[in-house]
Amino acid sequence: DTAVSQTPKYLVTQMGNDKSIKCEQNLGHDTMYWYKQDSKKFLKIMFSYNNKELIINETVPNRFSPKSPDKAHLNLHINSLELGDSAVYFCASKDPNTDTQYFGPGTRLTVL
Amino acid sequence: GNSVTQMEGPVTLSEEAFLTINCTYTATGYPSLFWYVQYPGEGLQLLLKATKADDKGSNKGFEATYRKETTSFHLEKGSVQVSDSAVYFCALIKAAGNKLTFGGGTRVLVKP
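Residue numbers (my numbering), protein chains in the order written: chain E, 123 to 234; chain F, 485 to 596.
Don't read these hints as lab results, they were simulated from the structure.
Misleading hints may appear alongside valid ones.
What the hints assert, rightly or not - Rough simulated footprint, nothing fancy, chain F against chain E, three-plus residues with beta-carbon under 8 Å:
#1 165-177
#2 219-229
What the hints assert, rightly or not - Okay, derived cross-link-like pairs now, DSS-like style, lysine-lysine, Cα gap no bigger than 25 Å in a straight line:
#3 F/Lys540 to F/Lys583
#4 F/Lys583 to E/Lys193
#5 F/Lys583 to E/Lys163
Virtual Cβ for every residue (Gly too), placed ideally from N, Cα, C.
With the hints as extra help, turn the sequences into a complete structure.
Given below as structure tokens:
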């Protein structure tokens, strides 16, 4: 039933490690997003894909690499994790008829 | 570029008090305007939206009117409940656009 799901919900790891976060949506939307939310709740868009093609790539370190194997999935891989990567990462998809974005529950990443 | 400015929180209220969260925007053309709400530990969910000037969005007792002359979309609720405690985000998207521009979020705490 979950419209937009993310795994894992919590991720605790050491500096320098590589990790991935997965996102899946069952809404049939073509456009998906990754956002980063910092400790002050500020939301920053990172990437957007439309039907497996990258359409938005904000100023994000190239240690972050999104991958969309199909239009229902948008995964985020992070290399060489740094302390400053600690945040909550949200996946979302967009209804093209209403422009409404549907968000996943978030993945809280803690880098030690 | 587009931008959204909303009042900084936290806003602390007693139950049944009147809530207003100010939101103003800068954008070319005629964007759609949104209010999203984030309850503790959850992702964002759409609260209400308006797509053209003088439209009023409403949901769960909350209302906001799209005012083009003042470029504003203030959120109001006449009588808040403890369950309204959350972070509220004002946002806009350009017509046929893919990028949602968020304000900084306003934390609201309602005390019994």
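The hints, checked one at a time:
1. 165-177: Per the Cβ count (5), the hint holds.
2. 219-229: Our answer is that it holds, as 9 residues pass the Cβ test (under 8 Å) against chain F, meeting three.
3. F/Lys540 to F/Lys583: Given that 25 Å is the threshold and the Cα spacing comes to 22 Å, the pair holds.
4. F/Lys583 to E/Lys193: 18 Å, holds
5. F/Lys583 to E/Lys163: 18 Å, holds
Consistency with the previously given hints is maintained throughout, with no hint failing.
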